[in-house]
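Protein chains in written order, with my numbering: chain A, -11 to 222; chain B, 224 to 769; chain C, 4 to 425.
Honestly, the hints are just simulated from the structure, not real lab data. These numbers were taken from a predicted model, which means no experiment stands behind them. Keep in mind that a hint or two might mislead.
Far from chain A, by Cβ distances over 12 Å, these chain C residues were calculated [what the hints assert, rightly or not]:
id, residue
1, Arg164
2, Glu283
3, Glu349
Now the in silico label distances, taken between C-beta atoms and shown as ranges [what the hints assert, rightly or not]:
id, chain 1, residue 1, chain 2, residue 2, range
4, B, Pro758, C, Asp57, 13 to 23 Å
5, B, Asp229, C, Arg52, 49 to 59 Å
6, C, Ala84, B, Ser356, 46 to 56 Å
7, A, Ile39, C, Gln334, 35 to 45 Å
Where is the CB? At the ideal position from N, CA and C, for every residue including glycine.
The chain contents come next:
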Amino acid sequence: MREMIISELSQALHEIAKDFAHFLPRLIVMLILALVGWVIAYLAKVALRSILRLVKFDKLSENAGTSQLLKKAALPSATEILSRFVFWVTWLGFILLGVNALGILGLQQQIAGFFLFLPRLFVAIFIMFFGMLAASFFSRAALLAAVNANMPSPRVLSLAVRSIIIVFVLSVVFEELGLAKETMLVAFGIAFGALMLGLAIAFGIGGKDLARRFLEKRVVRGKEQENEDELSPL
Amino acid sequence: MPLNEDELWYKDAVIYQVHVRTFHDSNGDGFGDFQGLEGKLDYLQELGINTIWLMPFFPSPLRDDGYDIADYNAVHPSYGTLEDFEKFLGSAHDRRIRVLIELVSNHTSDQHPWFQESRSSRENPRRDWYVWSDTDNRYKDARIIFLDTEKSNWAWDPISKSFYWHRFFSHQPDLNYDNPAVREQMWEVMKFWLDRGIDGFRLDAVPYLVEREGTNCENLPETHAVLKELRRKLDENFPGRMLLAEANQWPADLRAYFGNGDEFHMAFHFPLMPRMFMGLKLEDRKPITEILQQTPEIPPSCQWSLFLRNHDELTLEMVTDVERDYMYDSYAENKTMRLNLGIRRRLAPLLSNDRRRIELMNGMLMSLPGTPIIYYGDEIGMGDNITLGDRNGVRTPMQWNGETNGGFSAAPPERLYAPLIQDPVYGYPAVNVLRQKVSEHSLLNWMQRIIKVRGSTRVFGRGSIEFLHPANHRILAYVRRLGGEAVLVVNNLSSSAQAVELDLRSYKGSIPIEMFGKNMFPRVGDLPYLLTMGPYQFYWFRLRRI
Amino acid sequence: MAEESFLTDDFLRQLINVGEVDILVGLPTHNDAKTIGSIVNAIRSGILRGFPRDRAAIINVDGGSRDGTPALVTGVSIDDASPASNLNALRTLHSISTQYASSPESGVAFRSILAAAELLQAKGCMMMSAESANIEPDWLSKLLRPICRDGFDLVTPTYRRHKFEGLLVTNLLYPMIRALYGLRIREPYAPEFGFSGRLGTQFLGQNAWTDGTGATGAELRFNLAAIAGKYRICQSFLGEKIHIERHAADLVPALRQTVGALFSALESDFPVWSVVTGSEPVPTTGAEQEVLLEPVRVNRKRLRDMFSNGVAELESVFQSILSPSTLAELQRIAGVGEEEFYYPVELWVRTVYEFAASYQKSVISRDHIIQSLAPLFRGRVFTFVTENRNASGEMVEKNIEALCMEFERLKPYLLEMWKSRE
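Isolated chain A, as found in the complex (with noise of 0.2 Å):
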């Protein structure tokens, strides 16, 4: 009896020595791809920090409004985020190969899908943040404009411009992501035209008097003109 279990409990660890014998390479595979993976992905964020640095993409990311954005955040600066943030995926990107290597099935395939998923993830990303750089300088280029031809309430158009902007932006980058398409874009359009016909009941009702100025103003130019005299700053 008992050389039975014995030699069955040999027989078992055998098979699961032989197992693990099989298994053993593909986890050192893994364990090495790791490695590897990490030390590229440390090269690569040290490579694209040192990039970013040269093109100043901090000066960008300040001008696209982003620093100040990460500074309330009391996160670091966007090179140090976006270096870190290649290094992890990178880095990731390497693991998963390795569990990809370990040969479980089911694994598999959502490793296979992640990889798809990136370079979608990246794209949005750029988007997102060319996109606010544009929503920054628009709205700030709105705001001069205003503040120039003395219209009333700069701020408001400048901030309803940027708010157009991102609205638009983040709208392109879920639809990049493929996430809720089209509930996304249902609620772009619900969101776009509540604030259309927001800003127009405000002009309309609130601004009627304003309008009306604005527009005697036009017309009635040369009237008040004759009240002042038209400098020339050359």
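Got chain A; can you put chains B and C on it based on the hints?
Here is chains B and C on its own, set in the frame of chain A:
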């Protein structure tokens, strides 16, 4: 024996202006003479000219280089005898060279017997041959011509105690053309020389023949009447002989001297000449084209006479003050060069001895409408001597070779009528006929060539002129046409290379053939014709339709 | 390397026909048919009277006029093809025209004229403005004689103007250029000025044309280049300045053309202006500059309101540009009532210098920096107008002089900001 085939021979003439005294001395007395001149006719024939204009050679006290005449019917003894002259004339005609002589009709020398008689007393029969007055207030509106020497047009005669009229030097009293005897006598003088066979007269100072109160005494209708009468007699008795007017007037006033083809055959185009020099200095064709465009049409039998320089100063009477100042500053910085509202220099010194400019100016002379006149010595590029008084600086002896006296005379140098040009640049050792004959590219040979090319067609002497107006104002371009023949002349007045586009649409399809080398240029098409030209270069193109 | 030349074939052909000139007058136009006639006649008279013996050309660069302006300009040429001229002119006078664009771009017009000047080897050149209503023929002599006869390279004009005209020049451009570059050029952005062919060629060869900043404010940078290159500069009094206002005093474009050009030039000219201390006067011919004093009605309330609104609304923008202390000061005076409103000289100078430094560092888009200066300038105008309401010509000059001295005094402040945060 006169040459009489073609009545319009003067339209094809190339005239050589020379003073017999300056050309060649055959008897060693220091003065050129007719025998000497005769001996040089071969040279002139080879040069290619076909008409000689002789400056005054009549007896004269020579206070105005022979323009003060003391006897109209003889030859000054320094130059030979009347027989010498006739022999010379015959030799010229043998070589088919015509001869024009000067007739100083407006005035005589105060040494002329006529004046001697006229001034002797108020009752003398020849009293009225000159213009006398008790006061010098008459004809106040007449200008003074020799501004540098004369203060008034009246001179006081101590003998008859009255004033006499003189538009020029005070020793040149004006003849009174209101007197029929004077007019008759003048015709007799002309007849005397015409009978000997001369081919025509240059009438000196014609605008001033008649004076009238209240006028400027120039170009008066009475003067024209006198001239027309002379012409009528000439045509009646000596057809084929020619009258050339010396009238320094604006083109509009000049026109009157042609009448309806019944006054002068030819007249000098005085206003054009300074403008050619001006256009060259400005590097702008505007002065030239403007004056020619303002030049009126003349009767078909008449002809302009063109010249670059002559025995007188380069006159600046017929230009504006701005233009005169510009000419003085450009061409006569040295004030001694200025005389009587003009510049007394020869062609080569005026153009700084620049061969290209000399060629260009001669090219224009030969291609603009009219009969060209070459002043003796300019064909070899002789220089001038401004230290000699009045206008004598441009009347120095002809330079034939590098030997003693430049080959002009065997006399000792002190006896010459004027010293030769001796400076290293223009002096006779450097500038002379002999040297230039043997040198292939000399100015003399070039002049010979251009006269020959010009003579290959009648278009230059007889044709019409149409100016082109290329946008590049440094280019003077025109087309000469006669019958079916057309010649395109393009002149670059600038000292730098130029590109020009010519509108030759009317000549589309012609092939321009450059007349000196006879090479063809690209055919004229629809597009503007592009020419590139070197500094001071000119082209003559025969526009050939084949 | 085959590059697209910006000169059209037709223009080049016309230039070939003009050939070498001694005097060149450049005239940019755009729909100026109403006024151009008297202007080109004055130019032609000026040439015939002042330079009768010189070869001259009028070069019209047109920005797409539809009212026949170019034909009016070329109509004043003098040549033998149109013998209507009884003007006693010695020479041909070319007046040519080319269209450089279908709508006006001042930098391109100026560049075309510089190119023409170089190709025609012009020794003395002049820019004329089609908007100066009272050009006199002798303006040409006044602007060109110093160049042709006395060897100067740049002749800027001085005018008789109203004390409140040209405040951007008197309150910013003149003092700042004077303080930084060390030369007291009264009108560094004038519609007419003379320059030598030498200077024109040198400026034409500079890279600024191709790096995008070229077109705007080229004329101002031209003046700065003359100073930086140590060319000989002088001023000449012309007369009264009557400018035809067609676009109502647009401040922002004016700022772009002048202040924007100045700020961008500061970067490349740093080696020049960083070592200059004090300022030198410029030789001046003709009468002393005069100031007209007739009363004008200025809407001061509007000026102040725009200032205050600007300071309030653009706070976020100013935070990137100005130092905290300066911004605080501005906010303080913005809050004050109209009667007590006062924009002191020192604060104005610091404002301008901080703007210049921020421009150099491109803290935000450079064009936005320039735009945001507009309301602050209006505040400054308010103060200047108020201060000098009853001032005599002398007083006004004194005040401007004081302003200049302040700019000079605070120059180290600018240098410090410039060098920090590099």
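*Looking back at the hints listed earlier, which ones does the structure fail to meet?*
Those not satisfied come down to hint 1.
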